[in-house]
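*Asks:* The primary structure of each chain is shown beneath.
Number of protein chains: 2
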Amino acid sequence: MAKVTFFPGKKTVEISEGTTLLETAIAAGIQLESTCGGRGTCGKCKVQVEPGKLDSHKDYGNKFLSESEKEEGWVLACKVQVQEDLTVQVKDQQKDAHRRKTGLDQSIDVEVNPSVEKHFLQLSRPTVADQTPDWDRLVAALPNQATLFNRRIAVNLPNVFRDANFQVTATVAGDSLLAVEGGDTTQRSYGLAIDIGTTTTVVYLMDLNSGKAVDSDAVTNPQRVFGADVLSRITYASKGPEQLKQLQTLVIEGLNKIIEGLCKNNQIRREEIYQAVVVGNTTMSHLFLGIDPTCLGPAPFIPVFRQSVQVEALELGLNILETGHVVVVPNVAGYVGADTVAVMIAAKVDQLPGYTLAVDIGTNGEIILAGGKRILTCSTAAGPAFEGAEIKYGMRAADGAIERVKITDDVELAVIGNTKPIGICGSGLIDAIAQMAEAGVIYESGRIVNVPEDLAKLPPKIQERIRQGEGGFEFVIAWGKDSGSGEDVVLTQKDIRELQLAKGAILAGIKILMKEMGIGLEHLDRVLLAGAFGNYISKESALQIGLLPDVPVEQIKAIGNAAGNGAKMVLLSKEERKKAVALAGLSEHLELSTRSDFQDEFIDALAFER
Amino acid sequence: MAKVTFFPGKKTVEISEGTTLLETAIAAGIQLESTCGGRGTCGKCKVQVEPGKLDSHKDYGNKFLSESEKEEGWVLACKVQVQEDLTVQVKDQQKDAHRRKTGLDQSIDVEVNPSVEKHFLQLSRPTVADQTPDWDRLVAALPNQATLFNRRIAVNLPNVFRDANFQVTATVAGDSLLAVEGGDTTQRSYGLAIDIGTTTTVVYLMDLNSGKAVDSDAVTNPQRVFGADVLSRITYASKGPEQLKQLQTLVIEGLNKIIEGLCKNNQIRREEIYQAVVVGNTTMSHLFLGIDPTCLGPAPFIPVFRQSVQVEALELGLNILETGHVVVVPNVAGYVGADTVAVMIAAKVDQLPGYTLAVDIGTNGEIILAGGKRILTCSTAAGPAFEGAEIKYGMRAADGAIERVKITDDVELAVIGNTKPIGICGSGLIDAIAQMAEAGVIYESGRIVNVPEDLAKLPPKIQERIRQGEGGFEFVIAWGKDSGSGEDVVLTQKDIRELQLAKGAILAGIKILMKEMGIGLEHLDRVLLAGAFGNYISKESALQIGLLPDVPVEQIKAIGNAAGNGAKMVLLSKEERKKAVALAGLSEHLELSTRSDFQDEFIDALAFER
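Residue numbers (the UniProt record's numbering), protein chains in the order written: chain H, 1 to 610; chain E, 1 to 610.
Check the hints yourself; a few may be wrong.
Copies of the same chain look alike in the list, so a pair counts if it works inside one copy or between any two.
Stated by the list, open to error - Computed cross-link-like contacts, SDA-like style, restricted to lysine to any residue with a CA-CA straight-line distance of at most 20 Å:
hint: 1; residue 1: K574; residue 2: T408
hint: 2; residue 1: K494; residue 2: S66
hint: 3; residue 1: K58; residue 2: L142
hint: 4; residue 1: K579; residue 2: S593
hint: 5; residue 1: K239; residue 2: V155
hint: 6; residue 1: K245; residue 2: R152
hint: 7; residue 1: K461; residue 2: G440
hint: 8; residue 1: K578; residue 2: T186
hint: 9; residue 1: K245; residue 2: L314
hint: 10; residue 1: K239; residue 2: V160
hint: 11; residue 1: K578; residue 2: F149
hint: 12; residue 1: K63; residue 2: D454
These are computed hints drawn from the structure, not numbers from a lab.
Please model the entire structure based on the sequences and the hints provided.
*Replies:* As structure tokens, this is what we get:
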């Protein structure tokens, strides 16, 4: 066994020799950035090890490390196998990863009528002439006489009744009894809307009386250490029941931490949270419920379930009321999940006139085309490029991330937090590449300009930024002298290829859906961009790079965290909950991998042209 | 802390000083006989402590101990507070407590059609053209398309399907899926019928295909250490959630031990037991489910629930299939429980012509009067006298128990196990007192004959047996020279009073029901005796002492362990399960304590006259 201590925070764990530092960090509950699942290919899990402890001849991810980093003891945590006691310094850049709003102040359009209802009951006392059992006495006073027996609540019912002099508040949802509390507690009724993203998990604490969001919080999905994309998670989960359980535990413990904080900050007891509505992609739904997602990985991409699932909070270990309900919104298919159904709910796609295209660009890209009483869906392997993964200097939308790029005589940047840039986030990446295409830094094909006569057409300061890197040409977005790290922040040819593949897949998916629906560009009434990403993206840049079909820019509308909003609406309204089931059932899923026309559309969509 | 070691078996536990030896035995999992709940009044928890360890001036239950016992270090375990390490010898008389049959070979009249059904399914493999989720694929092949989602089964479904090449057996019950197993397992399907008596718990392992009992076993209800009657258990449970939980755990662990043995002896895996049907009185049903029975204790005797309850085995920790169902048969009222409903089922009281009286004499006495499309029930505080508690030499129907008594010139005995007598069981007690009444050893009032002229009428050997004891007169049933312990086995005046109160309560209850039904003795078509007790009782003696109304002896019929048989029938037949709910609902419960006429009937019923 060896002891490893992590700074800042001074967390110490004991692990067996041979464990990687990345695994050790996971064991210590420390969130290292890692998007490749410890394969040594993303270069993000950099940590600093005390000098002299490691064999300097070994490769600890050298290609991702500058000379100065190597000298200072920086290594990739996934490349280090611990052999003796170590002290490790973790980069502290994660702190404000969720600077951006979680959508607390986003208004949602829903009539508040939640399935969770509280009833204050003034019951008569039993007598020898009226020996009605406590449970029957309760149910007789409820609107729903078919309320199901709940052993866990029955266990202590006599005390609750008699301590409160038979004046109690019953909380019900459909034919379930969730709680019986002494006195009149109808004024306090809370629920959670939970959006489990592959990258980020957001929790909204909702007041079920007012329908208002009381508070919200977000964390990086702790499963991220096993890879940035769903496939890495599926691969890990498929190793066995323990690994599956580990992934489930990670996400639930992450949620429990948030819930604890939300309760504390808002002086709410966990027992006052009666329901949690959960959305996420199909893999996240499976992992959240601890259900084996293995068959989602390879074709034919078979989920275990598709329907809405309701379980007691206790069964999952989610720290709301133990007998409270956790409701997982239904999925459409293996790669079109509850989050997409929630987007349909939030966008009210069933009520909008004409044809609506809705695109949710997260770690995966899900596309909805609704109109003519049909809903078509598909998903594309957009890859996590838009979230900064697989991009050399990619990072999440945190302080130091370049979020806007303009190329004129030189490069102008907007950086989150108004600090020096250290990397680039999704919206910055799209901006950068759109501007590079427009300025002639890249060809239509995506290749970085390198023919002298083409280079010569560029402003001198732009020319200087194009150079030969290790893996081909690269474009310097920010010089080391101006950057937070002192390193040049560059976009490599490979980065551009990653973006190209992602945007090409999305556009091709959109075109296939339009073809299936039998409509052309002129029929599209609106393009809705869901996801936090949609809020920050430049619509013009998205059109410029061909991420979206070539509609007038005013038809494009960002609708914010629609998945989270949809979850809130399902929580707040019985009707929306029913509608989620109906919309999921109505949706026709197109499996792009089976379509012979997809490859054509995909290749067509790779180019940078409008 | 002090260490206490119990022999035989050499079990050692550590406990805090001041703990009683009875509590210590409970902690060690040792079943001491105790029927007063540790109050020092039953005198049954005798153990032998190594010499010199206890203060010889203290009273460790002296009135229950002979001089020789005191010298040998015998004490009542409940009277000893442990102060230092001790070695304790426990009487080994418990071993064969359940020598009598548990009803394995009793035939039941039921058409086998259990709610648990197995379906062998040959499913098609998914393809990209048929991406139906595993769960939907399964449900589509089941007879019931409304089968509910079960997360626990879904967790591992992909493996089960693919390991078995999509040839699986689904086990369902109503709209629940209980299990999915690879291959065709339809030939193996088992269930348990469980009868939780206040004194004895019996488990029948049933083959759900054939409807036959494969095996059965019984144990003393481990809760018995907290008192022989339900009131002692209620009192203990009402002390707090921990005590309630303790009682629940005791009964469930007891059942789990039986289940383990039944599985092992019959080469059945616990996962092949898909359902358990449980009957017991209302208190036992509450404790089994861990539901607070406090309000059953004092008037107005309010149960928490009355209906049939179904929970997953996992929730209770009962070691059958985790997702299997535990079905608790409905109760009628606070003191007429599921066991009485099971008696109605087994006796088919709804189908018999005319009027049927059914009496279940266990630790409590429940009475059913059915006829004219009505079912009346009541319960009487029969007390545990018939099971040997509160009777000085009372014992259960185990080896050494006097089970038949005949008084001629002298006393003739039949003893279970053909050994020397050490005590008397319920049937022996009724026989003895009936014979004493008939022979003139007791007056009609129940008083032991002591007036010289009355004594003189008795045969000389009988006269010798009447003597002054510590608490009044007593009658020697077996002389020490003939007994197993060397002690005289006597019936005391108090013992006779106990029996009088018990039989008086039952007869009064019967009379109240008949009055309520508006029928006389001449209308009664049959008297059914339920319970193991009914099998062994002498009908003539029962009539002699006035335990039953004065019908012709041929109208009295023992129907064996009718509660257990009813449980088997509910397990084996959907229709019987429905009928149990219907009969419980139809039953009209008479609360005797509210009836002004009960006291009159009771006092009338105390005398020994026909």
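*Asks:* Look at each hint and say if it fits the structure.
*Replies:* Going through the hints against the structure:
1. K574 / T408: The answer is neither: 53 Å in one copy and 80 Å across copies each exceed 20 Å.
2. K494 / S66: within (19 Å within a copy, 97 Å between copies)
3. K58 / L142: Answer is neither: 70 Å inside a copy and 59 Å across each miss the 20 Å cutoff.
4. K579 / S593: neither (29 Å within a copy, 55 Å between copies)
5. K239 / V155: For K239 and V155, the Cα distance is within 20 Å only across copies (14 Å; inside one copy 40 Å).
6. K245 / R152: Between copies only: 12 Å across chains, 25 Å inside a chain, cut-off 20 Å.
7. K461 / G440: within (14 Å within a copy, 127 Å between copies)
8. K578 / T186: So K578 and T186 fail the 20 Å test inside a copy (24 Å) and across (37 Å) alike.
9. K245 / L314: both (16 Å within a copy, 18 Å between copies)
10. K239 / V160: Classified as between; 15 Å across copies, 46 Å inside a copy.
11. K578 / F149: Close across copies (17 Å), not inside one copy (24 Å); limit 20 Å.
12. K63 / D454: neither (30 Å within a copy, 114 Å between copies)
The earlier numbered hints that this structure contradicts are 1, 3, 4, 8, 12.
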